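Number of protein chains: 2
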Amino acid sequence: MAIESPAKVIDGKSVAKQIREEIAVEISRMKDAIGVVPGLAVILVGDRKDSATYVRNKKKACESVGINSYEMHLPDNSTEEEVLHSITRFNEDPSVHGILVQLPLPSHMNEEKILNAVGIEKDVDGFHPLNIGRLAMRGRDPLFVPCTPKGCIELLHRYGIQIKGKKAVVLGRSNIVGMPAALLLQREDATVTIVHSRTKNAEDIIKQADIIISAVGQAHMVRGSWIKPGAVIIDVGINPVEDPNSPRGYRLVGDVCYEEAIKVASAVTPVPGGVGPMTIAMLLSNTLSSAKRVYNFH
Amino acid sequence: MAIESPAKVIDGKSVAKQIREEIAVEISRMKDAIGVVPGLAVILVGDRKDSATYVRNKKKACESVGINSYEMHLPDNSTEEEVLHSITRFNEDPSVHGILVQLPLPSHMNEEKILNAVGIEKDVDGFHPLNIGRLAMRGRDPLFVPCTPKGCIELLHRYGIQIKGKKAVVLGRSNIVGMPAALLLQREDATVTIVHSRTKNAEDIIKQADIIISAVGQAHMVRGSWIKPGAVIIDVGINPVEDPNSPRGYRLVGDVCYEEAIKVASAVTPVPGGVGPMTIAMLLSNTLSSAKRVYNFH
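Protein chains in written order, with numbering that gives the first Met the number 0: chain A, 0 to 297; chain B, 0 to 297.
Hints in this document: simulated from the structure, not taken from any laboratory.
On a predicted model such as this, the values are computed, not experimentally measured, just so you know.
Possibly wrong hints are sitting among the right ones.
Identical copies carry no separate label here, and so any pair may be met within one copy or between two of them.
To be verified - Derived PhoX-like pairs: lysine-lysine, alpha-carbon spacing no greater than 20 Å straight-line:
(1) Lys-291 x Lys-30
(2) Lys-48 x Lys-262
(3) Lys-227 x Lys-199
(4) Lys-16 x Lys-163
(5) Lys-16 x Lys-48
(6) Lys-291 x Lys-227
(7) Lys-16 x Lys-199
(8) Lys-163 x Lys-199
(9) Lys-12 x Lys-30
(10) Lys-227 x Lys-163
(11) Lys-199 x Lys-58
Chain A extracted, bound-state conformation (with noise of 0.2 Å):
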């Protein structure tokens, strides 16, 4: 038997922070340049508190690199037209470079006309069926990558972890993390598997896997026993778990069970503390280079 090294801790946290400040850089290096700020414009139907929390987070986020933030905040009981005149507001504004809008939307509202809306060259968030057209298909190139997934790749990237050639299981086939983290993987040349809640024996192909990307939203899914020695493992569930030990009565978890990956695996992401914090500065990273894109500024 090997001798058990501990696995790498994926410190999201900390590769989101210098990201920040490398994209601040950026910023002030084009407002000297050519005097253009990039401006972020923010969608907020209703009044869910989450959905505020998550607004307010971007927002501060856009502070502190310099991107001017805009909110449009509109009552629960909008029409869908308010929401799309919102939007061709913002698309038309020069000053605004990304357009976000949050969801859950309302229910009466149709998420994907009002998605559809956001103009191409200002959709950060990547999720236009164009964008990810472009993502799947070979010798295309989105003009944006949706954030989450993107801050997954970034990670294995800045941590020097080899993709091409690899086998890779992406657990999760949703339009926002699964399914694009899967066509990223393919496009760096990894040999991709999706598993979902159809899958059979879902156990036994995880732990083929050499790069494990997990968001299926369920604590503690993958166990230790599931995962292949010295894989590297994104785990991009952010699921409570009751803890009396908490002052909140809760903790946050992952869909892989971090103790014991940690000790089979030859690098894991944290939850919290690993992809959560890239996702925003991925946006930041989107929206800066839709500003740069505009004023061809490199």
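Take the given structure of chain A and dock chain B to it, following the hints.
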């Protein structure tokens, strides 16, 4: 050892014939009911003999089911603008419900730009990134699915082969076959792995597959020993190999060694006569669907 039972031959020629008959019936029903005949426009640039043959076959197939076909043949030295102008004309022509640009285009033209000019609602090839994006996304539907991969899945359906929960391996990741085939299998709840030129130990991965769709264009790459007993094989490859006994000096074979596969698999498509005839049948089917959608005819 289990006793070998001969694999079922998946007869694409006969299925395609049946589909064309069904399409012909639908077209005359539509003509009788609302007086509309679907129309397909093909744009051919240059004088490649193979392209001319493909276009001729497509026109003949249209005729055989009652679809009107229109052809625009441009000389090899045409400008991009001339091709774009033809596309615009067909985009605006209400008697045209599908537009095909025969590939490859002359090398001085930007293929991406030209294909993107085809109106999404007439993109019967399904190659527009917006169609591919919708194909990749859960809860979205493409207006058209690319013909060859659609034909592969149709063969599985018509032979009653279950896809849900099965392990599927797609060999090749081209924009026109491998990638969309993987997305289609994924939509039908298979667990999908794409094997490509950078994949290590392809044989081991292929050996786990319940369903294999091969589109790599390499004669006899997949051997009998690579196939799990009882697997289903859809062979998209059409590769010429030298054959002194053939009057032309060569014959066409698939990516999979048919003689070996037939002893191990539960069902196999032959080459020729497997997927090939399905591609044109699906093109006719897409053109019919397009006309039905325009007139909201069910």
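Tested hints:
1. Lys-291 x Lys-30: within (11 Å within a copy, 53 Å between copies)
2. Lys-48 x Lys-262: For Lys-48 and Lys-262, neither the intra-copy (38 Å) nor the inter-copy (62 Å) Cα distance is at most 20 Å.
3. Lys-227 x Lys-199: both (18 Å within a copy, 16 Å between copies)
4. Lys-16 x Lys-163: Classified as neither; 27 Å inside a copy, 43 Å across copies.
5. Lys-16 x Lys-48: neither (26 Å within a copy, 58 Å between copies)
6. Lys-291 x Lys-227: neither (42 Å within a copy, 51 Å between copies)
7. Lys-16 x Lys-199: neither (39 Å within a copy, 36 Å between copies)
8. Lys-163 x Lys-199: between (26 Å within a copy, 10 Å between copies)
9. Lys-12 x Lys-30: neither (27 Å within a copy, 64 Å between copies)
10. Lys-227 x Lys-163: within (18 Å within a copy, 27 Å between copies)
11. Lys-199 x Lys-58: For Lys-199 and Lys-58, the Cα distance exceeds 20 Å both inside one copy (42 Å) and across copies (44 Å).
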